[in-house]
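Protein chains in written order, with the numbering used here: chain A, 149 to 269; chain B, 8 to 415.
Rather than coming from a laboratory, the hints here were simulated on the basis of the structure. C-beta atoms are modelled at their ideal positions from N, C-alpha and C, and glycine is treated no differently. There could be a bad hint or two in this list.
What the hints assert, rightly or not - Pairwise CB distance ranges, derived in the manner of DEER restraints:
id, chain 1, residue 1, chain 2, residue 2, range
1, B, Thr316, A, Ala224, 53 to 61 Å
2, A, Asp222, B, Gln225, 46 to 54 Å
3, A, Leu151, B, Ser318, 52 to 60 Å
4, B, Asn171, A, Lys200, 18 to 26 Å
5, A, Leu151, B, Gln347, 43 to 51 Å
6, B, Asp48, A, Gln217, 50 to 58 Å
7, B, Asn55, A, Ile152, 22 to 30 Å
8, A, Ala198, B, Asp48, 46 to 54 Å
9, B, Ile351, A, Ala198, 30 to 38 Å
Stated by the list, open to error - SDA-like mimics (lysine to any residue), calculated; alpha carbons at most 25 Å apart, straight line:
id, chain 1, residue 1, chain 2, residue 2
10, A, Lys229, B, Pro217
11, A, Lys200, B, Thr316
12, B, Lys180, A, His153
13, B, Lys180, B, Asn142
14, A, Lys173, B, Lys114
15, A, Lys159, B, Lys180
16, B, Lys192, A, Arg227
17, B, Lys348, A, Leu151
18, A, Lys173, B, Gly392
19, B, Lys114, A, Ala215
20, A, Lys200, B, Asp384
21, B, Lys180, A, Ile152
22, B, Lys126, A, Lys229
23, A, Lys159, B, Met170
24, B, Lys126, A, Arg156
25, A, Lys159, B, Lys126
26, A, Lys159, B, Ser50
27, A, Lys173, B, Ile175
28, A, Lys159, B, Ala124
29, A, Lys159, B, Asp74
30, A, Lys200, B, Asn98
31, B, Lys180, A, Tyr162
32, A, Lys200, B, Leu172
33, B, Lys126, A, His153
34, B, Lys126, A, Lys173
35, B, Lys348, A, Val154
36, B, Lys14, B, Gly392
37, B, Lys126, A, Val154
38, A, Lys173, B, Ala69
39, A, Lys159, B, Ala97
40, A, Lys173, B, Ala124
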Amino acid sequence: MTLIHVPRPPKSAYDPNRPVSALLKAQIDYLHHAARRLPLRYRSEIYVNAIKTEGEAARYIREVTQAIQDAHADAAAARIKAVPKRRKVIEIAAVADEGAERKRPSKKRAKKSSGKARRKK
Amino acid sequence: MATGLDKLQHIVVLMMENRSFDHMLGSLTAVNPKIDGVTPDLSNPDANGNPVKAQPLAEFQAQLQPDPDHHFPAVDLQIFGGDTSPTRVANMQGFVKSYFNQQRDLKHSQKIMYYFAQKDLPVLTTLALEFAVFNRWFASIPGPTICNRAFAHYGTSFGRVDMNLLYINEPFKSIYNRLIDATPKHTSKLYYYDTASSTMEITNLLQHQPELFGTYPQFLDDCAKGNLPDYSFVEPNYSDHETDSGEETANDQHPDHNVQHGEIFIASIYQAIKNSPLWPNTALLIVYDEHGGIYDHVVPPACPKDQFTASANDTGTGMPFAFDRLGVRVPAILVSPWIQKGTIVDRVFDHASIPATVTKFFLGDYSPRSPRETSADVFIEPNSGTVDPARNLLSLTTMRTDCPEFDV
């Protein structure tokens with residue numbers, strides 16, 4: 149097994165003030181397009197036309213990417229919160245049904261209106 | 008007899024940015040003449056008609072400024088040398104002319120012919136020599152990044168040849184949706200570097216299905232824990248930026264980003280897979296999205312049309328484009344411990360081969376797919392039915408233990 153040395157570039161390779169490339173501009177456009185579909189509270193306040201450098205582009209890209217993730221996570225959490233409420237209603241309904249069945253006065257009456265039919269109401 | 012193909016369970020694709028085959032791997036012809044790289048006779052005319060030779064003088068950074076033009080009209084000039092006649096023949100003689108057009112600087116325009124010496128790229132050249140290198144992997148379109156990356160995700164660019172917003176048209180699903188919607192369900196993930204680099208081009212997926220995405224640290228973690236999905240697509244860091252933990256330097260190798268950072272990134276992806284319990288079951292494809300306007304000598308071949316046509320207005324050349332010619336050749340390497348050292352593949356591929364291969368391998372027959380994807384060759388044979396031994400790149404019956412290690 150051969151161990152191969154990978155040279156490290158100089159620190160000067162890092163330049164967040166480098167002007168944005170056409171590629172980053174396209175990425176910003178795409179994310180801007182996606183951000184416009186987010187609820188207002190998730191939208192970035194960065195003015196995209198003012199983005200000139202890679203560092204500025206990265207700040208905007210991070211904000212929008214995070215906002216998209218957050219918006220989906222919040223929506224998923226809200227859906228989960230909503231589920232127990234519905235379960236509660238079903239439980240109450242089930243208890244009510246049980247109560248109704250306990251009160252069942254006669255076989256004849258019970259046949260006419262089944263639990264299923266009551267739940268439909 | 009069982010081969011490595013029978014062990015394969017995970018496919019990982021790493022797509023880098025904007026470098027041509029000759030620029031990155033051209034030096035390897037001197038090591039192995041079967042690798043179709045740079046030879047002493049290769050040249051391009053400059054703006055005065057004088058020949059400019061390909062030379063091993065490429066630098067890691069600050070050489071290709073401004074970013075060489077690789078939009079559709081410029082690539083058309085690079086491939087056809089400026090001939091716009093109906094009977095024109097592709098000759099790869101317009102690279103220096105194209106770069107000259109950007110600054111009108113004769114001396115600077117010669118730099119588009121420069122390629123890296125083998126010693127400058129120890130990671131990429133070692134992987135190319137140790138595993139399988141593709142002599143004929145082309146960008147899908149003679150154009151820029153966005154439409155080329157679309158072919159890797161959807162098998163088509165839906166008629167686009169530019170960087171504008173990509174509108175996804177039914178019925179062609181992304182490879183990721185095909186996998187997760189399948190029965191039985193498969194797993195798939197796109198790993199972008201971090202939220203400040205995010206994903207390139209497939210924002211529509213991020214917008215609607217962010218759960219499909221992960222980050223580079225998650226990729227490393229998934230490798231270490233043996234949790235890689237069936238199919239992974241890895242994106243490099245596209246920008247220099249600050250994070251909470253410090254500075255992150257772009258490693259996508261897009262000019263004018265430092266090429267050595269890309270080398271480190273490629274090595275780290277390779278090492279993460281190699282050190283993973285999934286190493287015996289994983290194949291890694293390293294490929295570049297397009298040539299970035301940099302010289303390559305192989306004429307892109309014609310290919311079957313897609314079902315879309317870009318108008319003369321969209322191409323900017325005065326001619327429509329039916330997606331019936333591939334883009335310029337790019338580096339592509341397939342890594343697996345079941346690949347014979349020094350494998351060279353001469354069959355023709357493009358980025359549509361990525362969804363074609365992943366689909367056929369995991370799902371078998373699948374419809375609908377774009378005409379370009381259905382006609383694209385696969386680089387890993389389907390793991391069901393009879394396998395042609397001549398096409399099986401994971402052909403070894405015993406796993407290699409001599410694969411290289413990088414000190415990253």
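Quiz prompt | Broken hints, by number | solution = Checked against the structure, the hints that fail are numbers 1, 2, 5, 7, 9, 11, 12, 13, 14, 15, 18, 19, 20, 21, 22, 23, 26, 30, 31, 34, 39 and 40, while the rest are satisfied.
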